[in-house]
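Engineer: Residue numbers (the working numbering), protein chains in the order written: chain R, 1 to 205; chain V, 1 to 372; chain B, 1 to 159; chain F, 1 to 351.
You can trust all of the hints, since none of them are fake.
Footprint (simulated), chain V over chain B, 3 or more residues, beta carbon under 8 Å:
id : stretch
1  : 44-58
2  : 73-84
3  : 97-106
4  : 120-133
Simulated crosslink set (DSSO-like; lysine-lysine; CA at most 30 Å straight-line):
id : chain 1 : residue 1 : chain 2 : residue 2
5  : R       : Lys95     : V       : Lys296
6  : B       : Lys147    : V       : Lys51
7  : B       : Lys147    : R       : Lys65
8  : R       : Lys29     : F       : Lys56
9  : F       : Lys331    : R       : Lys6
10 : R       : Lys96     : R       : Lys159
Derived from the structure by calculation, the hints contain no laboratory data.
We treat Cβ as the ideally placed atom computed from N, Cα and C, and that holds for glycine.
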Amino acid sequence: MKAYFKHIYQAVSSIMIGMAITFKQMFHKSVTIQYPEQRLQLPERERNRLFVNMEDCIGCDQCAKACPVSCIDIETVKVVPGDVVGKTGVTSQGKKKALHVTNFTIDFAKCCYCQLCVFPCPTECIYMTDVFEFSTYKRSDLLYQFSDLTPETAAEKKKMLADFNVEQDKKKALAAEEAAKKSAEAKPAENKSETKKESDNTKES
Amino acid sequence: MAELRTEELTINMGPQHPSTHGVLRLVLTLNGEIVTNVKPVLGYLHRCFEKHAEAMTYPQVIPYTDRMDYLNSMSNELAYVLAVEKLLGIEIPERVEYIRVIMAELQRIASHLVAIGTYGNDAGAFTPFLYCFMDREKVLELFEMVCGARLLYNYIWVGGLSHDITPEFITKTKEFIKYFRPRIKQVNNLLSYNKIFIERTANIGMLPQDVAVNAGVSGPTLRGSGVKYDLRKEDPYSIYNKFDFDVCVGTGEYGTVGDCWNRYIVRAYEMEQSLRIIEQALDSIPEGDVHSAVPKRVKPVAGESYVRTESPKGELGYYIISDGSLNPYRVKARSTSFCNLSVINQISRGHMIADVVMILGSFDIVLGCIDR
Amino acid sequence: MEITEIYNKLKKVFGDGIGDLKTDLPAYPFFFADASKINAVSLFLRDEESLQFDNLSCLSGVDYDKDNLAVVYHIYSYALKHNIVVKCIVPKSAPVVQTVSDVWAAADWHEREAYDLIGINFEGHPDLRRILLSEDWEGHPLRKDYKVPEFYNGMKVPY
Amino acid sequence: MENIFTQWFGDNLLTYILIPVPIIAYVSVFALYAVLAERKISAWMQNRIGPNRTDKFGLLQTILDAVKLMQKELILPSRRDNLYFRMAPYIVFTAAFMGYAVLPFSSVFIGVDLNLGLFYFFAITSIGVVGVLMAGWASNNKYSLFGGMRTVAQIVSYEIPTALSAIVVVMLAGTLSMQKFALIQSGGIFNWYIFGGPGSPIKIIIIPIMVVSAVLLFLSTLAETNRTPFDLTEADSELVAGVHIEYSGMMFAMFFFAEYAQMFAVSGIVTTLFLGGWQSPFGELIPFLNTPVFQVFWFLAKGLSLVFVQIWLRWTLPRVRIDQLMTMCWKFFIPIALVNLFLIGLYIIFA
Chain R
1 MKAYFKHIYQ AVSSIMIGMA ITFKQMFHKS VTIQYPEQRL QLPERERNRL
51 FVNMEDCIGC DQCAKACPVS CIDIETVKVV PGDVVGKTGV TSQGKKKALH
101 VTNFTIDFAK CCYCQLCVFP CPTECIYMTD VFEFSTYKRS DLLYQFSDLT
151 PETAAEKKKM LADFNVEQDK KKALAAEEAA KKSAEAKPAE NKSETKKESD
201 NTKES
Chain V
1 MAELRTEELT INMGPQHPST HGVLRLVLTL NGEIVTNVKP VLGYLHRCFE
51 KHAEAMTYPQ VIPYTDRMDY LNSMSNELAY VLAVEKLLGI EIPERVEYIR
101 VIMAELQRIA SHLVAIGTYG NDAGAFTPFL YCFMDREKVL ELFEMVCGAR
151 LLYNYIWVGG LSHDITPEFI TKTKEFIKYF RPRIKQVNNL LSYNKIFIER
201 TANIGMLPQD VAVNAGVSGP TLRGSGVKYD LRKEDPYSIY NKFDFDVCVG
251 TGEYGTVGDC WNRYIVRAYE MEQSLRIIEQ ALDSIPEGDV HSAVPKRVKP
301 VAGESYVRTE SPKGELGYYI ISDGSLNPYR VKARSTSFCN LSVINQISRG
351 HMIADVVMIL GSFDIVLGCI DR
Chain B
1 MEITEIYNKL KKVFGDGIGD LKTDLPAYPF FFADASKINA VSLFLRDEES
51 LQFDNLSCLS GVDYDKDNLA VVYHIYSYAL KHNIVVKCIV PKSAPVVQTV
101 SDVWAAADWH EREAYDLIGI NFEGHPDLRR ILLSEDWEGH PLRKDYKVPE
151 FYNGMKVPY
Chain F
1 MENIFTQWFG DNLLTYILIP VPIIAYVSVF ALYAVLAERK ISAWMQNRIG
51 PNRTDKFGLL QTILDAVKLM QKELILPSRR DNLYFRMAPY IVFTAAFMGY
101 AVLPFSSVFI GVDLNLGLFY FFAITSIGVV GVLMAGWASN NKYSLFGGMR
151 TVAQIVSYEI PTALSAIVVV MLAGTLSMQK FALIQSGGIF NWYIFGGPGS
201 PIKIIIIPIM VVSAVLLFLS TLAETNRTPF DLTEADSELV AGVHIEYSGM
251 MFAMFFFAEY AQMFAVSGIV TTLFLGGWQS PFGELIPFLN TPVFQVFWFL
301 AKGLSLVFVQ IWLRWTLPRV RIDQLMTMCW KFFIPIALVN LFLIGLYIIF
351 A
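Excised from the complex, chain R in its bound form:
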């Protein structure tokens, strides 16, 4: 019998306590943030959309290697002597850029915002910003191209490198031929054809 009334007492008292708490809470200020109109101050370390400052990028591929989900895709073209990358050819810290970055895409559909790509960057050109509103209707729109070269210039640079390579090869071939000639002079006859073949090979490659 005692337990019976204790039961009732406990039920009533605990319910009363609970109701008092919820009633008190009614007069507290609401914690809701009405998002589009009202925004939180984001901390400065906020990790959201990546940004790449192409002025400083030297195309070293470190970030792409660090990425656990391989969402960074970098394609580079070697600089031909006489040509400069960007306007100055150096980063803001004075590092020389030796590569044209023809393609620097980050797929934000894959990105997991882990910040692993930020730390290995030698020029600190890739970093996370506080932009978090970039949803799109198409998944392909989440593929961001950071390279400042247009496809045409990229193709041009590629062609320049190819031409340069061809020229180099020609020079090499010439040098080789000359060397062959010299050696042929020294040792005539059968070796000649072989060296020729070799120079052909270098040309092809």
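Could you slot chains V, B and F onto chain R? The hints should help.
Structural biologist: The following block gives chains V, B and F in isolation, referenced to the frame of chain R:
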């Protein structure tokens, strides 16, 4: 009168069910409202963590561990990182250890708040759920301030941390501790000591000590059964041996030791202890550089290590085999919820459907951790 | 209790069923046990008064080397607070290990997982089904020679 | 006192067509705004804002919700029991609505002042359970069926404490007419039945009994409306949504409205029996406050504050389990109600 034909009813609870905490599927066999058999079906959230890890370098695995038990990423990272550090055999600066402990304990509070809140929600009380989430939000804001992310931090690195903490963080954390103590009491009064809640959870899902130990149950679920076993005390990793705190066990204040209520209340007690640890750590945190011990490239020698830590949900272990290359040869996660969930069939037989929900909630499972 | 003591005790009882104690690797010392005796070994570990290994912390299936699979047992004792690591090696051609799920209930799901992902058959397991992958999955993905299937149930897998 | 419509239009068909109009209007408006109130109050209790995007304070929220629900496609389970499936929402809604017929809104306005009013109310609101059971059965869903079966058990059981605690007042008042209950309790707050009703000062000894009875009636009618902590029909964390699972669009809205309509109906009963119905709490002190228009105000004020308590309870308490619900009914409510009844009997004999 002829005998009425009766048969057992099979009901599919999940994968889409409000209280299976994710995409767990329970095939319940019912006799009326009484459950005669529970068959858990896992794997709806399987993301091949272990297979992925074999193709990653050691630091790259850390974001994947975040996603295992996504409610306590810090503890996952800590366990994994400790295992890798054991392989590498490197010394960690004191400051790093302190910050790790602070983070892990804050994470424990956040995780327990979700556990308590969702448990209330399972019981049908929605208001405590939101109160808990309000407080959890404050913890997440602290994390956001330190590492920029709210849920998946990638904060604890092999050999260090991604960022040092700021003085602002310390003051904010102290403020939070001051704010949070009365809030624990409030939630306890609103939910834990509510008669209806006690009725719903006391003497439900009895998990006796010997069964619990034998089934590899760990964490608050084990301590709810009265086993005073906390890896932070028994097998101290990091610098937990420097702090003074109590291991909370289910006391049987209501119900009996080993039931849902005791499993639940252990979490409420533990939050208090976590606050104590954080306070001590904040007061005695030394100066130092958090990046000093971070290796340039993580390339341990061939070997293996197994480290187990006390994550908020229980014993979280990482078994890492290295073959001397940049990628781990094998990473096996001994996930807590996986082991805890395995006793569900045993302890929910003979209870009602509503109790199965309560039993499931009292384990505080996270499907990301179970399915990996 | 020290690992060597535990090891010696086991060696005395099981003789050839227990391999050498390996302490040279940068890992916790471990020893191999015979896959066909592991059940008896673990029962001994659990029930022997001076050992009392009441908790199987982790059971992992490992693709050990080119020809072998392994099961690694991390066993702890709540009562006496000591631990050991036991490994069982089985050839890939016939990966059969005795179950320990009747010794430690914790092993039940772990063994199912090892069966699912590595393909180790546990002899005497009451309910050896796939646990994480779907029932009609082919192959055991955590083996090193596993090929990602191009088709699953007739559907092309995009990656 | 005559119904005001009868006074105006005489005792003819027009009157009987006109009388339900204000009631229907009230029920619709109430149901719409009770939903909003519930959402707002719960939001405040949880430190949120609640609906605030439609109109100033979200005033149009539920109206627009209703419009949306009307536009929605009715998704019907293919293996339903068609007739029952379609009938169920109407039965539930009708039952909830018919209870309003005997609620005395004012001394001059009541749907119909039956001399068996209270009895009629309990009888007619119980019909709702048939609808719920139909819905549970016809949905061809195991969760729905569970919900339906639970409701039947629940409502049938809770009829008993409801009736027993109402009989306490019936014994004191000696009538079953709703209008008479309200009339008897005239003369200020201390003549309400929760304070022992009108009579000599000796009634003070029955005040605790009456308070307990009032609470019992409130709680058991709450159980009949299937709201938290007694919402086992829906039990969204166990049965997903119980009988509502397979209903969509306007059919679901019917259930939804029925629940809110019933909330006020049962509050009206508690108000009439224990809180003086439409009587002003000041009695004859301020006669102005006892005019028929103000009576409507008092009735609604009392009823709505009870509705507030219902909402308040819902957002504070966890849900009970089905067997505990039954335990509560058979081991606590009914014995206590019987004891109350016995004591009141003694009081009537000796006082």
